[in-house]
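Throw the hints in and build the complete structure from the sequences for me.
For the protein sequence lines, the chains are Z and G, in the order given.
Just so we're aligned, residue 4 is where the first sequence starts under this note's numbering, counting upward by one.
Just so we're aligned, residue 858 is where the second sequence starts under this note's numbering, counting upward by one.
There is no bait here: all hints are sound.
Just the calculated beta-carbon pair ranges, DEER-fashion:
id, chain 1, residue 1, chain 2, residue 2, range
1, G, Ala890, Z, Arg50, 30 to 36 Å
2, Z, Gly52, G, Arg1048, 15 to 21 Å
3, Z, Pro109, G, Gly978, 35 to 41 Å
4, G, Glu1027, Z, Leu126, 54 to 60 Å
5, G, Pro957, Z, Arg54, 57 to 63 Å
Calculated lysine-lysine pairs in the DSBU-like style (CA-CA distance at most 35 Å, straight line):
id, chain 1, residue 1, chain 2, residue 2
6, G, Lys979, Z, Lys108
7, G, Lys1108, G, Lys904
8, G, Lys969, G, Lys904
9, Z, Lys125, Z, Lys28
10, G, Lys887, Z, Lys108
11, G, Lys979, G, Lys904
12, G, Lys969, G, Lys887
13, G, Lys1083, Z, Lys144
14, G, Lys979, G, Lys969
15, G, Lys1108, G, Lys969
16, G, Lys1083, G, Lys887
17, Z, Lys144, Z, Lys28
18, Z, Lys144, G, Lys979
19, Z, Lys108, G, Lys1083
20, G, Lys1083, G, Lys969
Derived list of chain Z stretches under chain G, where covered just means 3 residues or more per stretch with a C-beta under 8 Å from a C-beta of chain G:
id, region
21, 69–82
22, 140–153
Derived from the structure by calculation, the hints contain no laboratory data.
The beta-carbon is built from N, C-alpha and C at its ideal position, and this holds for glycine as well.
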Amino acid sequence: MTSLGDGPIVLTEGTHPFLERFDPKFLAAASANAREMRFETDEYVFREGERAQRFFLILEGKVGLEIEAADRPRLTVQTIGPGEVMGWAWLVHPYHWPVAARALKPTRAIALDTFVLHRYFKLHPDVGYRFVLRLMPVIAKRLDDTRVQLADIHA
Amino acid sequence: MREFAAELATGTGDPGPYAPFPHRVISRTKETADTTTLVLAPVGGGKGARFSPGQFNMLYAFGVGEAAISMSGDPSEEGTLVHTVRAVGNVSTALSRLGPGDVVGVRGPYGKGWPVDQMRGKDVVVMAGGLGLAPLRPVIYELYAHREDYGRVEIIYGSRSPAELLYYDEIQSWRTRTDTRFQVTVDSADRNWYGDVGVVTQRVPDARFDPARTIALMCGPEIMMKLSAQALEARGIAPSDIWLSMERNMKCAIAQCGHCQFGPYFICRDGPVLPYARIRPFLAVREV
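Now the structure itself:
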C-alpha cells in the first residue's frame, strides 16, 4: 500500500542528486505539493496509459519499468535505483505513461507535482531550460543503454 | 569409440601435440536450455593436468571434431576438469550431449590466463557477459579462496534473462558474501525477477574500486568487452590494467595453423587473455 511521508516536503540541494545546484527559489516552489511516497514490493508506482502527473526522485529501493510484450508476460526492461529519477512523460504529449513502474523492493521516492513544475517553468523559462538540460543526459543515457541492450551484449 | 579411447589411454611412445587424452564424463549439469557443464576425469585415474585460471582445453568429441573450451572449474581441485559448453555447432552440440560414463578427448591446457600475480594487493573488477562467466569462474574461485590477498572485489555479471544465468545456485551463495559485491543484471525479465535489469556497463559507475590500483578482467561478446572497457577507462582504469579473454576459431591451439590470428597475435598462444591496451586497435577493425 502506498504511504505518504509525514508533513510537507522542503526540497533542498541535498535532497536528491538531481536537485544539486538548482536555485533555492525554484526548490521552494517545487516543494509545493511535493510528497514523499513509499511503495511496497510489487506495488505499482504508475501504470501504462495513466496520466503522467508526477516526476519521481528515487531515494531508496528499486523500481522496474515494465512493458507489455506479445505472446509473453509483461517484461521488465529497466530498473531504476537510489539517486536516479523517473518519468518524463509529463513533458511529452499526450502526457501518459508509456510504461508501467513497479516497486521491486520497498521503495521511497519524492514525487514532484508536474503541474507546479509546468507553471513555474512558464514563468521562469531559464529555470525550465536548466531543468531540461539536467534531464536530457538522463534520457540520452537511457536511450544509449537501450541501444546496448539491443546489441545483445550478454549473449 | 570407447575402444579407440582406451587405445589412446594405453598407447606408448610420443603421441605428438595433437593427440587427445581420454577423459570420462563424471557428471553433467544442465545450466540453461543450451548450456551444459561437464566434469571430466582422466581415464585410468591420475591427477590430470593443472591449469591457470583463464586457460582452455581442446575437447574432442570422437568422430565429430574438436573445439576450444575454457576451463570453468576450481584450479585448486586436482583430478577433475570442468568445462561449460554451449551447444552452437556440431562439436559443441555433441559435447553437450555427453553424459556420465562417456569418453571425450582432451588436449591442453593452453594459452595465457588471467594475470593473477598482478592482481594481488589490488582491487579487482570482474565483468562477465553471458557464457563469458565460464572462463572467469576459475579466477573467481581464486579470489574467494585467497580473499585476503586482494583489495575490493566487484563482480558484475550480465545475462539475457534470468533463465540464462549460469551457475545459479553458486551465484546465490557468492552473493551472500559480505567481502565481495556480486552484481547480476539481465536484459529483460518477467515479473518473478526482482534483481537488476539493464546492461553490465550501467553498473560500472557505482562499482567501488580505486582506479589507480585496480585490475579489471572481462569476458563476453566482443561488443560487451569493448563497451565495458570504455566504461572502466572512463572511471580511470588504465587500458594496460584491463584484461580481456578473446575468442577465435581455434584449431591447432599451438600457434601453427593461424586460424585464431587476431592482428599480430595468435589467440591460442598469446591469449586468450590479453590486455586491452594491446588489442584495442584491432577491436576497432572489422573482421580481424
